[in-house]
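Heads up: the sequence lines are chains A and B, in that order.
The opening residue of the first sequence carries number 0 in numbering that gives the first Met the number 0; numbering runs sequentially from there.
The opening residue of the second sequence carries number 0 in numbering that gives the first Met the number 0; numbering runs sequentially from there.
Hint data in this document are derived by calculation from the structure and do not stem from the laboratory.
Incorrect hints may have been included.
Chain copies aren't distinguished; within one or between two, either way the pair holds.
Think about it this way: if two alpha-carbon atoms lie no more than 25 Å apart in a straight line, the pair counts; the simulated BS3-like pairs of lysine-lysine are [what the hints assert, rightly or not]: (1) K455 / K317; (2) K188 / K317; (3) K264 / K233; (4) K208 / K455; (5) K37 / K188.
Each chain, written out:
There are 2 protein chains.
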Amino acid sequence: MSKKNKKKLMSVTALFVPEIRDLINLKNFSEVKEIISKIPPIDIAERWNDFSSKEKMLLFKLLKTRLAVDVFESLPFEEQSFLLDNLGNTEVSQVLNEMSPDDRANLFRDLPPKVIKKFFKLMKKEEVEDVRELMTYEEGIAGAIMTTDYVELRKEITARAAILKLQDTLSFDDDSDISSIYITDVEHKLLGVVELQDLIKAPPDMLIKDIMESTDFIKINEYSPDDEVAQLFKRYDLIDAPVVDENEELIGVITIDDIVDIMEKVATKEIYEVGKMTPGEGKMISYATSTVREIIGRRAGWLVFLVVFDFLTGTVLKTFQDTLSSVVALVFFIPMLLGAGGNAGTQSSITVIRALATGDVGFDNIKTVLRLELMAALLMGLIVGLLAFGRAMLLESDPIIALVVGATMFLIVLLAICTGVSLPFISKKMGLDPAVLAGPITTSVVDIIGLIIYFKVAQTLLPILR
Amino acid sequence: MSKKNKKKLMSVTALFVPEIRDLINLKNFSEVKEIISKIPPIDIAERWNDFSSKEKMLLFKLLKTRLAVDVFESLPFEEQSFLLDNLGNTEVSQVLNEMSPDDRANLFRDLPPKVIKKFFKLMKKEEVEDVRELMTYEEGIAGAIMTTDYVELRKEITARAAILKLQDTLSFDDDSDISSIYITDVEHKLLGVVELQDLIKAPPDMLIKDIMESTDFIKINEYSPDDEVAQLFKRYDLIDAPVVDENEELIGVITIDDIVDIMEKVATKEIYEVGKMTPGEGKMISYATSTVREIIGRRAGWLVFLVVFDFLTGTVLKTFQDTLSSVVALVFFIPMLLGAGGNAGTQSSITVIRALATGDVGFDNIKTVLRLELMAALLMGLIVGLLAFGRAMLLESDPIIALVVGATMFLIVLLAICTGVSLPFISKKMGLDPAVLAGPITTSVVDIIGLIIYFKVAQTLLPILR
């Protein structure tokens with residue numbers, strides 16, 4: 000597609016920051032209020048640190064409650080703490096009572112017990128109960144991303160009655176999400192779901208039980224891992240999904256916005272693992288908040304481990320010292336051979352790792368993968384082997400050395416692809432994350448075995464070495 | 000988190016396939032109808048090839064219209080063609096008229112002109128017009144993923160009137176998505192958006208113009224690249240967003256389900272590029288549908304290119320032939336040194352590539368990245384350098400050789416990290432995808448310069464070589 004045709008989306012600039020600071024200096028607060036009410040909360044949160052502490056407090060108080068809570072939810076923990084420490088009790092109580100339950104539980108997980116106790120005193124009883132329950136879920140499972148802000152209806156009422164009930168119960172500034180309404184029985188057991196838009200479309204006298212759809216395929220156990228929840232959302236094109244406990248009782252709802260974040264986190268984790276790094280659990284990785292210590296923490300472990308692993312290549316080479324001294328020309332091709340092996344192995348391992356992650360491949364269709372990869376390995380080995388033969392002829396003009404290099408290249412590519420394909424499956428079979436082990440180790444394994452192959456082939460083919 | 004605590008989500012098994020086949024054999028069609036009406040369309044589509052051609056036709060006809068269309072939309076192109084070729088005109092017309100506009104335009108893009116002409120004759124005039132317009136958008140831009148199935152309202156009516164109007168216009172089986180309703184003026188210009196749930200929550204006499212929210216930050220130009228659209232959805236936690244043309248007229252709506260697919264595609268593309276492969280534009284990559292030719296097509300190009308690139312390592316080594324012959328022990332450490340360089344380079348380049356992709360890093364905060372990476376490079380170079388020194392002492396017991404190896408390791412890690420950080424930025428500056436160039440080339444660049452460094456350091460420090 001031609002680049003010209005594509006139009007950049009408008010990106011939000013930080014232009015509003017100087018304008019607001021000027022207006023604050025001029026004490027024109029009503030104008031500030033007007034401007035910030037039109038900026039999306041996430042954009043305000045992103046520019047938060049451009050303001051002084053004093054300006055932050057002022058801005059926060061000028062925001063309408065709903066927007067203030069939204070901005071608060073988008074701020075990093077340190078800024079949230081700062082605000083809670085400096086706002087009056089009424090404001091703190093308002094923010095804490097109105098925050099969305101999942102974000103709130105997240106905040107409380109990081110607060111010291113003393114502060115939690117203080118805040119609990121400022122909150123409504125039922126909200127305290129809600130935080131207490133949600134805090135029991137560890138990061139990485141469904142319970143930790145669900146919200147308890149949802150609406151339930153019974154199955155025996157009509158569409159018209161349902162709409163009237165919703166209109167009676169909810170005020171305009173209520174921020175419960177009612178785009179999906181969950182249907183439960185008296186014991187809170189989940190029976191089905193009704194989309195709000197289907198309530199509108201349905202004939203007024205139609206009963207909920209005839210409108211509702213089954214949740215059999217989409218209900219989520221509270222302890223399901225969040226990456227599997229994301230797969231479920233993707234598979235069934237969900238906007239939200241109910242979370243149930245072991246008694247099938249509805250205890251929460253997961254919405255797509257949290258899933259989008261999880262998908263991004265999972266992709267980052269996988270890319271980091273493929274890139275021989277330890278991304279760490281849960282946290283979003285960002286340069287903006289990273290320290291040198293964290294960067295080294297993510298990388299040094301693997302780097303050191305792989306160097307130690309590669310100690311073996313030295314041992315292999317020393318073993319073949321005599322061969323090396325006799326035919327120094329063999330050295331010339333070592334980087335090219337190992338480089339190609341590493342690249343071919345990485346290509347395969349990454350394809351398999353990705354396919355395992357997206358659920359495209361499992362142990363049931365492992366045969367298809369092996370067949371495809373083996374065929375590809377043979378063909379690519381042939382291509383690159385011929386190339387290596389040509390290169391060796393060009394550099395050394397010795398057909399036997401060229402043959403050694405070409406044959407080794409073929410074998411190394413074959414070895415690399417087989418290693419690259421098997422390691423992810425083996426890791427997964429061992430209950431490990433396929434990317435953690437397979438990504439980094441493939442290259443080193445190919446280095447070591449590849450060198451042995453090289454010298455064995457040389458010893459077999461070169462007359463001088465026999 | 001303990002593994003025990005996590006519960007696997009129920010995965011849909013293929014158990015329904017044998018059951019349905021048995022029932023078909025017994026000609027118990029009403030039971031088949033009952034069963035398939037309860038299976039999610041995507042699950043039926045996934046098992047489609049477990050049925051014979053005859054069974055497929057039968058099953059399709061037993062599905063209720065809405066479900067049949069959903070199954071149809073989830074099938075690969077070949078299966079869609081097969082059905083369209085074998086269904087009667089009435090059924091073809093039904094399917095084509097009721098498909099969601101974006102999926103339908105996708106299908107038509109792949110059909111031969113002759114077939115398109117035939118199908119157009121079976122479709123309603125306005126649907127033909129719709130396909131014609133959507134087909135003009137190439138894959139990869141907003142227009143190609145938008146649907147034209149949305150609902151518009153005017154801003155001067157009340158919430159009550161709006162709800163009544165929706166109820167009057169829409170029948171229960173209408174599948175227009177009305178969770179967001181777009182507000183336009185007489186010229187179709189976009190004014191704002193109202194969530195259906197806000198219509199329910201609002202006081203009945205409130206005017207739409209007072210309920211609606213601004214679309215200034217979320218409206219999308221028809222030619223915006225789809226990965227940027229995905230970023231926008233993520234940033235503002237959107238469920239859907241309006242698409243406008245250059246005159247600000249509303250021409251379509253993009254929904255989150257398409258965005259989820261794009262996010263997955265973008266992540267796969269990035270991982271493939273990092274893994275030195277050419278993923279190809281647009282298409283989802285899957286082993287299930289890949290041929291050996293496609294696998295080789297994605298990989299051989301880079302593999303061959305990098306082998307040719309690595310030809311240079313041979314030239315470098317031949318240049319230093321005399322040094323190599325004098326101190327064969329230098330060879331022992333080449334794979335370890337180049338391996339560590341490759342790994343360190345890959346770690347940095349992948350971190351930068353990911354950060355550029357998520358928008359965490361840009362040219363404005365390049366200084367922070369450089370500072371962090373340089374500090375990390377110095378420290379990691381030191382650690383791995385000491386390790387290499389130790390290894391060389393152990394293998395060769397020659398402190399000067401060990402010093403050469405240790406110093407080279409330090410320099411190579413430094414070089415690798417600098418290369419890994421700069422190449423993605425340079426690629427991006429050149430208007431290229433950072434992952435395309437930077438991922439694969441980093442290792443090869445480090446190989447070549449690394450070898451030169453190694454021998455230069457050796458020639459400087461080893462008395463025998465002076």
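Hint check results:
no. : hint        : in the structure
1   : K455 / K317 : both (14 Å within a copy, 22 Å between copies)
2   : K188 / K317 : neither (70 Å within a copy, 76 Å between copies)
3   : K264 / K233 : both (15 Å within a copy, 12 Å between copies)
4   : K208 / K455 : neither (74 Å within a copy, 81 Å between copies)
5   : K37 / K188  : between (41 Å within a copy, 20 Å between copies)
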